[in-house]
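The residues making up each chain are set out below.
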Amino acid sequence: MNTKSYKSLTKGTTYVVLIALSFVCLIPFFWMISTSLKTKATTFQIPPQWIPDDPKWSNYVDAFSFAPFGTYITNTMTIAVFVIVGQVVSCTLVAYGFSRFRFRGREVLFMVMLATMLIPEQVTMIPTFLLYSELNWIDTYLPLIVPAYFASPFFVFLMRQYLLTIPKDLDEAAKIDGANELQILWKVLVPILRPSMTIIVVFTFTNVYNDFMGPLIYLNSSEKFTIAVGLANFLSSRGAEWNLLMAASTVIVLPLLVIYYYAQRNMIGGIASMGVKG
Amino acid sequence: MANLSKSARREQRLGYAFISPWIVGFLTFAAFPIIASLALSFMHWDIYQPPSWIGLDNFTRLFRDELFYKSMKVTLTYSAMSIPLSLILGLMLSLMLNLKLKGINFFRTLFYLPSVLTGVAVSMIWLWILNAEYGLLNNFLSWIGIEGPQWLKDPKWILPSYVVMSLWGVGGSAILFLGGLQNIPEHLYEAAKIDGAGTFRRFWKITLPLLTPTLFFLLLMGIIDSFQVFTQAYVINGRGAGGPDNAGLFYMLYLYQNAFKQFDMGYASAMAWIGGLLSLVLALVVYTTQNRWVYYEAEQPTQRKKVEK
Chain Y
108 MNTKSYKSLT KGTTYVVLIA LSFVCLIPFF WMISTSLKTK ATTFQIPPQW IPDDPKWSNY
168 VDAFSFAPFG TYITNTMTIA VFVIVGQVVS CTLVAYGFSR FRFRGREVLF MVMLATMLIP
228 EQVTMIPTFL LYSELNWIDT YLPLIVPAYF ASPFFVFLMR QYLLTIPKDL DEAAKIDGAN
288 ELQILWKVLV PILRPSMTII VVFTFTNVYN DFMGPLIYLN SSEKFTIAVG LANFLSSRGA
348 EWNLLMAAST VIVLPLLVIY YYAQRNMIGG IASMGVKG
Chain A
8 MANLSKSARR EQRLGYAFIS PWIVGFLTFA AFPIIASLAL SFMHWDIYQP PSWIGLDNFT
68 RLFRDELFYK SMKVTLTYSA MSIPLSLILG LMLSLMLNLK LKGINFFRTL FYLPSVLTGV
128 AVSMIWLWIL NAEYGLLNNF LSWIGIEGPQ WLKDPKWILP SYVVMSLWGV GGSAILFLGG
188 LQNIPEHLYE AAKIDGAGTF RRFWKITLPL LTPTLFFLLL MGIIDSFQVF TQAYVINGRG
248 AGGPDNAGLF YMLYLYQNAF KQFDMGYASA MAWIGGLLSL VLALVVYTTQ NRWVYYEAEQ
308 PTQRKKVEK
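Residue numbers (the numbering used here), protein chains in the order written: chain Y, 108 to 385; chain A, 8 to 316.
One chain only, chain A, in its complex shape:
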C-alpha cells in the first residue's frame, strides 16, 4: 500500500512488532505441530528408528482397535452424563446465587472454590472419598440405609464416579451463568410482571433465552474439555491404566499410553487427529445450530459497539 502516509506506515510496523510474540508462537506451537502431526499420522515411528511412510495403515489399524472404540465410548458417555448435569445444576445454583440475600458473596466465593482446585491433590481426595469400604460417600449412604456401590472398582460405576467428581466443581459454570443473569435488564422482568407473567413463565420466556449465549459457551467448552480429561483418570485408575475392564480409559489416556508408553508416535498422532476432528465436528454441530436456539438480541447495540470499537 504505497499511498499510506508515513505515520500510518509507522503505526503498521509498530502493530506487527507488538503482536510478533504471538505470531512466532503461532508458527512454532500451532502451525508447525499441526502440519507435523498430520504428516506423522501417515508414518510409523518408534522414536529409535527414523520414521517411515506407511500411508493409511495407522488409521486402518485404529478402526480395528477395540480399545480405540472403548476409549471413544468412555469419553462420549462421560460427556453425555456430565455436561447436561453440570449445565442444569450450574444454572440452578446460579439462580440462587443471583438473589439479593445477605452474605451472598460469601456463598459465591465458596462455591467457586472447588473449580479452582483441580489436579492431583483433588483426585486423591476423591479417590479416598469414593473408597468402597472406608470412603466417606459409602459411609454416608449407609447411614441412610443404602449400600453404596464399589464405585471405582466396578466398571459400571466408574464413570458415574467421575461425574460425581466433576459435579463438585459445578460452581465454575454457576459463576458464568451468574454473569449472564446479571446482564439481563431488570425492566424486562418488570414489563413481564405487569403483563401478569408468573415466576415460571418469566424464567422460560426471559431468563432461559437470555442465558443461551452462556449455555452455548459452556456446551462448547464442555465438549472440548471432555476430550482432554487426563489428570483425574491417570491418578484414579492408577498410573495411567484404564481402570477395571478399561471402563475408565478416557481417550486422552489411551493416546498417552500409545505415545509415551509404547512410543508409537505415528499411531498416537493418527489417534490425536481422529479425536481432534471428532471434538471439532461436535463443536461445529453445536456452533451451527446456534441460530436456532441462541439469542443475542438482548445485547444493547450501543454497548456492543463500544466493546468492539
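Just chain Y, same shape as in the assembly:
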C-alpha cells in the first residue's frame, strides 16, 4: 500500500471513530430529551422509542407546575450576576497589582496565593460555615456571593499570565498622557483583557450554576433554593416519574448550553493553553 492511500485510510478510520464517539457523547442528551416527551407508559417501554410518536409537550408544563423552577432559575441568576461582577472586578485588580507593581514580598505572596489552591475544600468548610452562622448569614445569599469579591487565586493566576504578555509600553504611553493607575487599567488594559475576562465570566457562571453543596448547606427556605438544590429535591419527590425529571433536566441544562455555544471558542482555547503553563 502506498503512503497516499495509507493516509486516507487512517483519515477515514479517524472520522469513523470520531463520529462514533460523538454519538456516545450526545446520546445522553437525546435520551434526556426523548424521555422528556414520553408518557409514563412509553417511558418504560422496551425497546425504547427514540422519537415518541406523540410527543407530550405538557410534561414541561407539569414539571414547572410541580416545582417553582422559574423561581429557582431567577434565584440562581441573581446569585450568578453578583458573583460574576465580584470575581471579574476583584481578580482584575489583584492580577493588575501582581503583574504591574514592584513591592516587597510580591513573589512570596504570589506563591502563597497559588498554594492556597491546593488546600482541600473540606478543611476550610466547617469553620467557614460557622463564621457565616455567627454573622447570621445562613439562609441568605451572602455566603454564596461575598467570597467572590475577594479574588479567586485560579482566576488571578490566569489573568496575571495574560497581563504579562501585554507590553508595559502601553501603560507608559498612557502615563505620559497623564492617566493614573486606575485609568490605565480601565482604559488601556481592560479592553485588551476581554478574552480572559470572558473565561472568568463563563467559568464563574458554570460554577455558580452547578454548585450544589454551597446552596445545600447555606439555604434552608425552599423559596430561596437555587436550581441545583431545587432539582435534587424534585428528584427525591418525583423519583419514578422519569419523563418529568428529564423535562426538568432539559430546561435546566439549556442555559449552560447557550452560554457554552457563545463562549466555546474562548473557553476551549483558554483551557488548552492553561494545562501547559499551569
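Fair warning: there could be bad hints in the mix.
To be verified - DMTMM-like mimics (lysine to aspartate or glutamate), calculated; alpha carbons at most 20 Å apart, straight line:
| hint | chain 1 | residue 1 | chain 2 | residue 2 |
| --- | --- | --- | --- | --- |
| 1 | A | Lys-163 | A | Glu-140 |
| 2 | Y | Lys-114 | A | Glu-197 |
| 3 | A | Lys-13 | Y | Glu-228 |
| 4 | Y | Lys-294 | Y | Glu-279 |
| 5 | A | Lys-268 | Y | Glu-279 |
| 6 | Y | Lys-282 | A | Glu-18 |
| 7 | Y | Lys-147 | A | Glu-140 |
| 8 | A | Lys-13 | Y | Glu-288 |
| 9 | Y | Lys-111 | A | Glu-197 |
Calculated directly from the structure, the hints in this document are not laboratory data.
Since the structure is predicted, the reported quantities are computational estimates derived from the model, not experimental observations.
Given the coordinates of chain Y, assemble chain A onto it according to the supplied hints.
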C-alpha cells in the same frame, strides 16, 4: 527600606492596595478557617452547646470508625479506577483531535461539552441511563447479548458506574492534552522522521515525554478532585446516603453526614484534616517524583522568560 525613592514607595503602596482584596480574602477564607478547623478537630461541638476540648478523642474515634475506612476506600478505589482511565482515554482522544482534518473544530467543541455540564441535572440523566431495568445502558447491552449488571443497586458495580459517568467528561482532559500537543515543535517530528523513526517510536520518544507536564497537572488535579466528589454521590445514592452497603459512600459524603446531619463539627473537622492531609500527601508524592518523569526542557527558554517577565 528607607532608601527607596519616593516613586518606588508609591508603587509599593499601590501594589499592596491592588492586591488587598486577595489579602483580606486569604485571611478570612483560608488562614482563619485552617486554624479554626485544626482547633475544632480537638474539640467536641454539636453547635448547641459550647465547644469543649477533648484532645485526640476525635482522631482515636475516627480510627475505630468502620465507615471512615469504608469512605476512604471508596474514594481511593474510585481514584485508582477513574484517574488512569481518563488519562489514557483523554490522551487517545486528543491525538485524534490534533489531526488536521476537516471539521475538527466541531469535534473539539462537541467532546468538550460534557465536561461543562456537571452537577445535579447530569447526575439525574445518568441515574436514568444506569437504571437497571429501563435504563439505556442495559438496553444497549441486551442488544449485543449481554445482560447488564444492576449498576447503582449492586455494591460491586456502583463504583464502576461512577467511573462510566466520569469518563463521559473525558473531553475535558483531552482538551488539555491537545494544548500540550500543539506546543510540541513540528521540527522535532521532522528530525525524527529523517532518522527513520516510525509512528510508535515518535510517540514514545517525543509526544509522550513532552506531554508529561500536562499528564502531571491532570494527575494532581485528579487526586485533589476525587477527594471532593460530592454532588454526583449525593444525588445518585439518594439524598446523601451511602448507597447499597455504603459502597458509594465517598469521603466528602461521609464528612457531610457527620457535619451537617449529625452536627458533630469536631469529628467532621478531624475527618477533614485526615482527608485533606492524605490528598495533600498523595499530591506531594506525585509532585516529588516529577523530576524522574516530567520533562520541561522542550520549553523554549526565550518564550519562558517572556511569560515570567
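**Violating hint indices (sorted, rising)** = Of the numbered hints, 3 and 5 do not hold.
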